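Novice: Relying on the hints, combine the two individually framed chains into one complex.
Top line first, the protein sequences correspond to chains A and B. Counted from 1, the first sequence has number 210 at position 210 by the UniProt record's numbering; the numbering is strictly sequential. Counted from 1, the second sequence has number 42 at position 42 by the UniProt record's numbering; the numbering is strictly sequential.
These aren't lab readings, by the way, just hints derived from the structure by calculation. None of these values were measured; they are calculated from a predicted model. By construction, the Cβ of each residue, glycine as well, lies at the ideal position given by its N, Cα and C atoms. Be aware that one or more of the hints could be misleading.
A few chain B residues facing chain A, derived, Cβ under 10 Å [stated by the list, open to error]:
(1) L16
(2) S202
(3) A203
(4) G208
(5) R266
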Amino acid sequence: MPLTDDAPLLSLAGFSKSFAGFVALDRVDFTLRAGEIHALLGENGAGKSTLIKTMTGVVTRDAGTMRLNGAEIAPRSAEEAVKAGIATVYQEVNLAPNLSVAQNLFLGRQPTRFGLVREREMRRRAAALLTEFGLAIDVSSPLESYSVAIQHIVAIARAVDQSARVLILDEPTASLDAHEVEVLFAVLRQLQARGIGIVFVTHFLDQVYAICDRITVLRNGRLAGTAPIADLPRLDLVRLMLGRELSEATAKRPPHVESAARTPVATFAAFGKEGQVAPFDLTLRAGHVVGLAGLLGSGRTETVRLVFGAEKADCGTAEVDGRRVAIGSPREAMRLRFGYCPEERKTEGIVADLTVRENIVLALQAQRGALAPLPRREQDEIAAKFIRLLDIRPPDPERPIGLLSGGNQQKALLARWLATSPRLLILDEPTRGIDVGAHAEIIALIRSLCAEGMALLVVSSELEEIVTYADEVIVLRDRAHVARLSGDAVDVPAILAAIADAPSAPAARHA
Amino acid sequence: MALRLPRVGTAQIGALALILAANWVVSPQFFDIRLQDGRLFGSLIDVLNRGAPVALLSLGMVLVIAMRGIDLSVGAVMAISGAIAASLADSHSLPVVLAAALGAGLLCGLWNGFLVAVLGIQPIVATLILMVAGRGIAQLITEGRIVTFTSPDLAFLGGGSVLGVPTPIVLALAMLALTLAVVRGTALGLMIEASGGNPRASALAGIGTRLITLAVYVWSGLCAALAGIVAAADILGADANNAGLWLELDAILAVVIGGTSLFGGRFSIILAVVGALIIQAMNTGILLSGLPPETNLVVKAVVVLAVLLAQSPRLGAHLAGLRVLFGPRKA
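So that you can see chain B by itself, here it is in the shape it has in the complex (with noise of 0.2 Å):
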C-alpha cells in the first residue's frame, strides 16, 4: 500500500522557486517591481494577476478532488458569470451584478452536486454536461455576441488595484483565507479528507458525505463565478465562446502539482494554489523568454512530468536504492 506520509510541499515549493529563477535568467528585470500611478507593476505581480483567475478556480477543484470528484465544468462557469456581468454592468449596481453572476454559480455548482450527491452519476460525466451545455447557456445570455461594457465599478475588479495590489490578486487572496477558514478552521477539512480516503467507513462513522459532496460542488460553482468576474472586468467584456476556455484543465493540474491525489483523501489547499502560480509563471516566462508560444505546451508538460515524478513515491524509492548502490559505504 502506498501511503502517502503528511507533505510539506517541497517539491513545488522548490519548482516555483525553480522556475521563477529560469524567469529571471531569461528576463534579468523579473523581480524589478515599482510603483506607478498607485500601482504595483512588474513581472513578478503579472504572474500573480494573471494566474489569478486559475487560483481561484483550483480553490474549489481542490475539494472536489480530495472528495474523489473532478469539476469539468469550471471554465464554462466562468463563461455564464462572466457573461451575466458583463450584461447587467451598465444598467445594474455593483452588488446586483455580483448577486447574480455569484448566483449563477451556486447554481451551477448545485446541479453538479446534486448529480453527483443525489443521483450519483460519476463526477466527470456529472460535470461534462455542464461544461458542454454551460459554453451554450453563456452565448444565449450575450445572445452569441461580445458583450462590453463601461461601469468604472466592475472594471475594477479586473483592472484596479488596493494598496497598491492589483484587486485580481485581493480577491484571489481573500477566497484563499475564506477557503482556509471555512474547511480548516472547522472540521469540514478532517470530513473531507476521510470520505475521500474511504467514502463507506465514513459514512458508517456518522459522516453527512453527501451533503458534503454537494458542497464542494457548490465551492467550486461559486470559485469559478469568481473567476469569471475578474476575467470579465479584466477586459471590459464578456466572450462566451472564450472566457475560461480549456482553465478546468489548468486548474485540475494545478491541483495535482500541488499534491493532491486523484484518488481523494488528503489535500493541500495551499499547495493547489502553488500549483496554479506554478503553472502562469511558467507561461509568463515563456512570453518573456521569447520562444514561440506554442512551445508554451510543451514546456509546461515537462515541468509538470518533472513535479509529478518527485512526488512520486516509488521513484523515490528507486533513487534511494541509487544512492545505496553507488553511495558512500557504510562501515
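Only chain A is shown next, with the shape it has when bound in the complex (with noise of 0.2 Å):
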C-alpha cells in the first residue's frame, strides 16, 4: 500500500470554528494521503460534522489553512469543493429519487447536443460508469426503486466522476446491511487503488479495522490523535474516543430469570397485517426485554409498530391484563400505558423546533389531554429530572431539540416515554447513529428499568448489543418471525444462524 512519507493529497492546518461561543473545532490538523482510506472518528459533538463541513466551505471556518496537491485552496460551497476535487457522500444521499439513475449521474452536465440532451448518450455512459463500480443495473429506472447502497454508490459513482481526488463518506453504512456493506466496501477499495483519498466517518468500530488505513479521533473539538490502524487496538482506540474507559456496562450479562415466572403485561396472538408481518405471537413481560433481531426490511419496524398501533393489524387478538383489547392507534396505546421510540429519530421522533422541555413533556401532556395542560413549574420539574437523570447535554431546557446531537436527542425521546411511566417500552433501534459513550448509557438504562419490572420491546441490528441485554430474542426474515431464542440460548451464532437459516449450530454458549 502506498502509504509512505510521500507528500500528502490533502492537508488541512489549524482548522478552528465556534459557533456563538461554543468552540465547536479547536486547532484541528488533518491529513490525507493519496490512496488510503482514513476513519474519522469521535463522539457525537466531537467536531467531525464540523470539521467535514469547513472543509467542503459549507460552512465558513474561522481559522486554518488547507492544501489540495501542495496548493492552497479555500472553497466556498459544495459546488466550489466539488470543482476543486473534494466530494461528499452524506449518510442521506443527496439526490433527486425521482430522477432515473442515469439522469441522477449527469445531473447538470448533461451531455447535449443541440441544446437537447442526448439521453441515449447519457444512458450508455451511465452503464459505463457504474460497470466500474461492478453494479449492472437498468440506469433508466428511478434512483428511487433501488436499495439504500445502490443509491450510495451512485452518489460516490457521481462525486468520483466529477473528477474527485477526495473523497468524503459522512456515514455510509448507517442503514446498509452486512451485505450492502461488502458491495460497498469493494467499491471503496477499488478507488483505493486508484490513488482516490477517502475519508470515512462512521460509528461502527468494525468497519473501521476492516477497511480503514488510519484513523484520526476528535474529542470536543480537538484533535485527540492519528494513527495508523495496526498501532491502535480497538481497546485504545475507545479510550481515546471517550478519553474514558469504557464501562463494563456492555460486556456482561446478568443472569437470566426463567421467562414463564414474569407476569406477562400483554400477549399477542396471531397479530399480523397482511403485506407487512405476517401472524406472530408475542408475550412480553414485566422486568423482561424480548429483543427482536433481522436485516433491514425484515419485518421488525414494522412488528412494533403494529404493537404500538402506529399501523393497524388486520388479524390476531391482543390481550393487556388477561382482558382482549384493541389497539387501533398510538393513542389507544398509550391509555395501556405503552410507549413506543421510533428508528426514524428526525422524522418520527423530535420536533426541531421545540425546546427539549416541550419534547420531554409532550407524549405525557397528549396522555393528560388538551383541556389539563402540566403547569410550567411541573414542566420544568420533569425536564431537570430527565436531563440530571439521563445526562442530556447541553443541559438546557429550552434550547431547541434539534441543536442537540443525535444521542442526546434520543435521551431527550427516551425520556418522553419515561415521564408517562410506561409499562411497556418499545425501542426501535435506540442506539443508530450515536456514539459509543452514549450507546454504554442507553444499555445501561435499558437494564436499569427492565430491573425496575418495565417490559421491553427492543429492535436492534447491533446483535452483540442485543445479546447484553436482552432475555429473549425473536428473530425475523422476509416480515416473518422465524425463531425464538430465550435464555441461555440467546448468542451471536445462534441469531447469525438463524438469520441465515442455517442449521443452528452448536456454538459455544457463554454465560
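Specialist: Structure representation (C-alpha cells):
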C-alpha cells in the first residue's frame, strides 16, 4: 500500500470554528494521503461534521489553511469544493429519488447536442460508469427503486466521476445491512487502488478495522490523535474517543430469570397485517427484555408499529392483563401505558423547533389531554429531572432540540416516554447513529428499566448489544418471525444462524 | 437546519412604531384623540377600528398556518356571514342574527376542516373551493342585491362604542383574549406547535392531530364570521361581491409579518394581530399623506419586504459577517 511519507494529498492545518461562543473545532490538523482510507472518528459533538463542513466550504471556518496537492484552496460552497476535487456523500443521499439513475449521475452536466439532452448517450455512459463499480443495473429506472446501498454507490460514482480526488463519506453504512456494506467496501477498495483519498466517518468500529488504513480521532473539537490502524487496538481507540474507559456495562450480562415466572403484561396471538408482517405470537412480560433481530426490511419495525397501533393489525388478538384489547392507534396504545421510540428520530421522533422541555413533556401532555395543561413549574421539574437522570447535554431545557446531537436527542425521546411511566416501552434501534458513550448509557438504562419491572421490546441491528440485555430474542426473516431464542440460547452465533437460515450450530455458549 | 429561537417580536413592534411615527410626520395630528358624544375619535383609533376585521381574521389564520395549513376562504366566509346578518337584522332579534351568522361561519370551518383533516386534501386547494363558492353562496343569500338594514342593535356592533371604545375594537380584543385563553391557557398551543412542526412525530406521541386540524379551521371560520358581522354592521348592509374581498391575503400577510412560518410550528397570536395593525397603519398613513391610494399596494409590498428581511436568519448572519469585517477589531 502506498503509505509512505510522500506528500499528503490533502492537508488541513489549524482548523477552528466556533458557533455563538461554543467552540466546535479547535486548531485541528488533518492529513489525507492518496490511496488511503482514513477513518474520522469521535463521539457525537466531537466536531466531525463541523470539520467536514468547513473542509467543503458549507460552513466558513474561523481559521485554518487547506492544501490539496500542495496548492492552497479555500472552497466557499459544496460546488466549489467539488470543482476543486473534494466530493462528499452524506448518509442521506443527496440526489433526486424520482429521476432515473442516469439522470442523477449526469444532473447538471448532461451530454447535449444542439442544446438537447442526448438521452441514449447519457444512459450508455451511465451504464459504463456503473460497470466500473461492479454494478449492472437498469440506469433508466428511477433511483428510488433501488436499495439505499445502490443509491450510495450511485452517489459515489457521481462524485468520483466529477474528477474527485478526495471523497468524504459521512456515515455511508448507517442504514446498510451486512451484505450491502461488503458491496460498498469493494467499491471503496477499488477507488483506493485508483489513488483517491477517502475520508470515512462511521460509528461502526468493526468497519473501521475492516477497511481503514489510518484513524483520526476528534474529541470535544480537538484532535485527540492520529495513528495507523495497526498501532491503535480497539480498546485504545475507544479510550481515545471517550477519554475514559468504556464501562463494563456493555460487556456483561446479568443472569437470566426464567421467563415463564414473570407476569405477562401484553400477549399477542396470531397478530399481523397483510403486506407488513406475517401473523406472530408475542408475550411481553414485566422486567423482561424481548429483542427483535433480523436484517433491514425483515419486519422488525413493522412488528413494533403493529404493537403500538401506529399500523392497525388486520388479524389476531391482543390481550393486556388478561383482557382483550383493540390497539388501533398510538393513543389507544398509550392508554394501555405503552411507549414507543421510533427508529427515524428526525422524522418521527423529535419536533426540532420545540425546546427540549417541550419535547420531553409532549407525550405526557397528550396523555392528559389539551384541557389539563401541565403547569409550567411541573414541566420544568420533569425536564430537569430527566436531563439530570439521563445526562442530556447541554443541560439547557429551553434549547431547541434540533440543536442537540443525535445521542442527546435520543435521550430526550426516551425521557418523553419515561415521563409517561409506561409499563411497556418499545425501542426501535435505540443506539443507531449515536456515539459509543451514549450507547453504553442507553444500554445501562435499558437494564435498569427492566430491573424496575418495565417490559421492553427492543429492535436492534447490533447483535453484540442485543445479547447483553435481551432475555429473549425473536429473529425475523422476510417479514415473518422465524425463531425464538431464550435464556442461555441467546447468543450471537445462534442469532446469525437463524437470520441466515442455517441449521443452528452448537455454538459455544457463553454465560 | 435553520432553527428559530423563541421570538420576542422586536422586528414587528419596531416596524409598527416606525410606521406610526411616519404617519405622525405626514399628519401631525395623527396621535390626537378626542372624546365626542361619548366615543373616542382620532387617526389612531381609526387604525384600530378599521384594522379590527383583519385582526379578527388573523386570529384564526395564525392557528391554521401554525398547523401547516392555510385558509383562503375567510374573505368569502365574511361575505356569507355578513349577508346572513344583514338579511335577518330587521326581522329577528340580535341573538338570533348572531347565532345564524356565527353558525354559518362554524359550518364553513367544519367543511374546510373536513376536507383537510378527514379527506386529506391539500389546504390551499380545499379552502379554494369555499373561497370561490362562498361568494356565490353569499350572493344567493342576498339574491344578488346589496341588502341594507336599519336595526340599531346590529349597527351598534359596527358603529357603537363601549366606554368610548368603538365596538369593533372591543370585539377584536375580546376575541384575542378568548383565543389566547383557549390556546395558551390550555396545552392546545403546545400541541399545535408540535403537530405543525412534525405531524408524524406528534401523532406517534399520542396527539390527536386530526381533531386539532379540524378545530383550527372551525376557529378560523368563526373568526371570519365575526369579522363579516362587524363589516356588515359598519356599512349597515351586505355587499356579497365586495365584503371581505382579498382580506384573506391581508390576514395571511398579517400572520407572516407576525413571524409565523408558512411551514408551521411556532406561532405568535399577539404578533399576528400586530401584523394586522401594521397593515392598517400603512393604509391609513397613505390616505392621510395625500399620496394617491394606488401607491398603497406598492408601499405595502416594500414594508412587508422590510419586515420579512428583518426576521430573516440568513440576512442576520450576513449582517453579523459585515459587522465582523467592518466593525472594531477585538484585541
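Novice: Would you list, in rising numerical order, the hints stated earlier that this structure does not obey?
Specialist: Those not satisfied come down to hint 1.
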